[in-house]
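In order, the protein sequence lines correspond to chains A and B.
Using my numbering, you'd call the opening residue of the first sequence number 1 and step up by one each time.
Using my numbering, you'd call the opening residue of the second sequence number 1 and step up by one each time.
Hints in this document: simulated from the structure, not taken from any laboratory.
Among the hints, erroneous ones may be present.
[To be verified] 25 Å max Cα-Cα, derived SDA-like pairs, lysine to any residue:
1) B:Lys75 x A:Arg4
2) A:Lys72 x B:Val52
3) A:Lys72 x A:Glu136
Owing to the predicted nature of the structure, the values given are computational and were not obtained by experimental measurement.
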Amino acid sequence: MKPRKVKGLDPAAPLGPNAVRIVRTRLDELRTLAPAALEPLASTAQHDMRIAAKRLRYVLEITEPCFGLEAKVAREAAKRLQGVLGDIHDCDVMLPRAWGIESLRALLRTRRELLFRQFSELWRDEVEKETWAALERGLMADGPKTGL
Amino acid sequence: MARALEVPGFDCEEPFARAAAKVVEVRVAEVIEYSAGVLDVADIERLHDMRVATRRLRAALEVFEPCFPRKRHRKALKRVKALADALGERRDRDVAIEFLEGFVGEAPEGDRAAVATLIERLRTEQREANDRLTPYVAPKRLKKLRRRLYKLVKVAGA
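Work out the full structure, taking the sequences as your base and the hints as a guide.
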């Protein structure tokens, strides 16, 4: 999945406002992908969401000092999402290779169901805790914090 | 898992391009640092750490893309992606083997031989992935990558 282009970046401008634009785009990407990925067997959408979570995680890792605590909370949540979606992907990759090994196929299917439940609960919890909304408010209201 | 090193002098008020230079310089040093022992399949965490360091470098190159000369950036990113892919191919086998080795003892008697065969097949793929990875992690090649990225960083930081 190609990352969405971030508009208006300026190499000569301070890092802070540029970081706001990038984080906003990556957050929007993640949220847009969520409804499709929350369908239990939507493996492609789940894979795309894993990539989006990874991109948000790493851009926050780089730019976190420019923002408040909400960026750290969002980065940790993105990392958890990336982890559980990665484990789902591992099951999807292994399943066709387990052809003819019924016990392994059954284990992989059960594991996938369990991981999918973890993923949906994790997403619901983060939405309820306003992890993404808080990050968005931080980006919109205060803009980047300066001077570290 | 490898923690990201702090970037000395990182400041949100400095120009985007100067921050780019600082971040990429630290991230490429991390990749080199974690390259030791990655071909050793007895300790799969080493490869995992280098893979994470490479992901961080790739993320920095993508985040700061507008700060670098387009052509040089594209070439550098292509090389980092190729390294990341080679590491990923090995990692996929490491993870699958680890999972199956945990399962084989619990598998019903009738499935154990088939699971063992699958593990053997994955071990062969792991060796092949290691062979393909070997040139990418050769010290000479990594030093070349570092030089390429330092040149890129110099232009951005100027």
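TODO: Please name the hints from earlier in the document that this structure breaks, with their numbers sorted from lowest to highest.
DONE: none
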